[in-house]
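**Q** Here are the chains, one letter per residue:
2 protein chains.
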Amino acid sequence: MNTFECIKSRNSYRGKYKDEIIPKADLIKIIDAGLSAPSGCNKQTTSLIAIDDKETLRKVLDVIEPKVCDTAPALICVLSENIYAYRDKCYAIQDYSAAIENMLLEIVELGYASCWIEGHITDTDRICDKIAKILDVPSNYNLVCILPIGHAIEEIKKPNKKDFNKRSCFNNFKNME
Amino acid sequence: MNTFECIKSRNSYRGKYKDEIIPKADLIKIIDAGLSAPSGCNKQTTSLIAIDDKETLRKVLDVIEPKVCDTAPALICVLSENIYAYRDKCYAIQDYSAAIENMLLEIVELGYASCWIEGHITDTDRICDKIAKILDVPSNYNLVCILPIGHAIEEIKKPNKKDFNKRSCFNNFKNME
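Chains A and B are the protein sequences, given in the same order.
Okay, so the first sequence: first residue is 1 according to the numbering used here, each after it adds one.
Okay, so the second sequence: first residue is 1001 according to the numbering used here, each after it adds one.
Be careful, since some hints might not be right.
To be verified - Calculated cross-link-like contacts (lysine to aspartate or glutamate; reagent style EDC-like; alpha-carbon spacing at most 16 Å):
(1) K1089/B - D125/A
(2) K29/A - D1163/B
(3) K1162/B - D32/A
(4) K1162/B - E81/A
Claimed, not checked - Take a look, some chain A residues computed to stay more than 10 Å from chain B by CB distance:
(5) I7
(6) D19
(7) P66
(8) D123
(9) K130
(10) I156
Hints are computed from structural coordinates only; laboratory data are not their basis.
Backbone N, C-alpha and C fix where the C-beta goes; we use that ideal spot for every residue, glycine too.
Make the full structure from the sequences, and use the hints.
**A** Next comes the structure, spelled out in structure tokens:
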């Protein structure tokens, strides 16, 4: 699969996953893709914890309410440090978002499904902090996102998108439809 | 080139570009990659303007001081709208960062070089606003990043990166080196 095909076939999956063991080599390749993303001033503010141990996985999934990705056989937890790139400028959100996108693409390339789960765990009930506690994450890291990894057993649907010509144009905004 | 190879061979390029015309089909493919990125609650907060018209390109590059990507034969300008996903939650930074990473990968796949230029144009001197004015961008959009596109004529260098095992581990943060 070339990169363009991979980009075009990535979609968020919110259904059930096949019960299986994800090979460690696949998880390492997904982590490698994530850590290969660029970061503002090369500050490398993103770190990752892969969860494939059944007991840890169960503990983490159990603190997520309402349930999402409850049948995922593996997870990647995305950690972010608010390191200044220069003066008061911090590009940590940009950094982890690029890392997440790389991982989502590599997950697709390896034949798995996933979903960027951020808002659900970072809302006012701070599920992210409960997950961070289970994983002994130090307080200078924010757990900002989880990515389930596994084979989809339901249909993966494409979202409706605005027309290409309403979101892009050449040389001047007046050429936008 | 498969996706993993593409991810691993992407590097920020800050050198000079070959003087040439970038085919419109390539720019459209890069835009398509960008607009195919996920967005929080599918709000599609990211829009794109490709610049390949020589006169417009010159005007835009001339307002950037100190100079960066001054010889680029084409640019993609990234626009972002602060649309709420729900309540007071906005994922516009995440959205445009995922779109940028997709475009950087597609740029590599097509054989071009680029660099994520954000901090330099969004700093206190607000170069981004000068570029937005040239492109007649309405005030509800923030111009947040430019991506030069072209063939590199200098060496593309890899940055130093922290060890893989210091940024990732399995199942518990205590397994981080």
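**Q** Against this structure, judge whether each hint is valid.
**A** Evaluated hints:
Distance check on the hinted pair: K1089/B and D125/A sit about 14 Å apart at the alpha-carbon level, within 16 Å; holds. Simply put, K29/A and D1163/B have alpha-carbon atoms about 15 Å apart, close enough for the 16 Å limit, and the pair holds. Among the hinted pairs, K1162/B with D32/A is consistent with the structure: their alpha-carbon atoms are about 12 Å apart, no more than 16 Å. Only pairs whose Cα atoms come within 16 Å are accepted, and K1162/B paired with E81/A is accepted, the gap being roughly 14 Å.
For I7/A, the non-interface assignment is contradicted: its Cβ lies about 5 Å from the closest Cβ of chain B, within the 10 Å cut-off. In this structure D19/A is separated from chain B by more than 10 Å, as the shortest Cβ-Cβ distance comes to about 19 Å. Chain B leaves P66/A outside its interface by the beta-carbon criterion, the shortest separation being 14 Å against a cut-off of 10 Å. The claim that D123/A lies off the interface is violated: its Cβ sits roughly 8 Å from the closest Cβ of chain B, which falls inside the 10 Å cut-off.
Chain B leaves K130/A outside its interface by the beta-carbon criterion, the shortest separation being 14 Å against a cut-off of 10 Å. With a least CB separation of 13 Å from chain B, I156/A remains clear of the 10 Å interface cut-off, as annotated.
In this structure, the hints that do not hold are numbers 5 and 8, in rising order.
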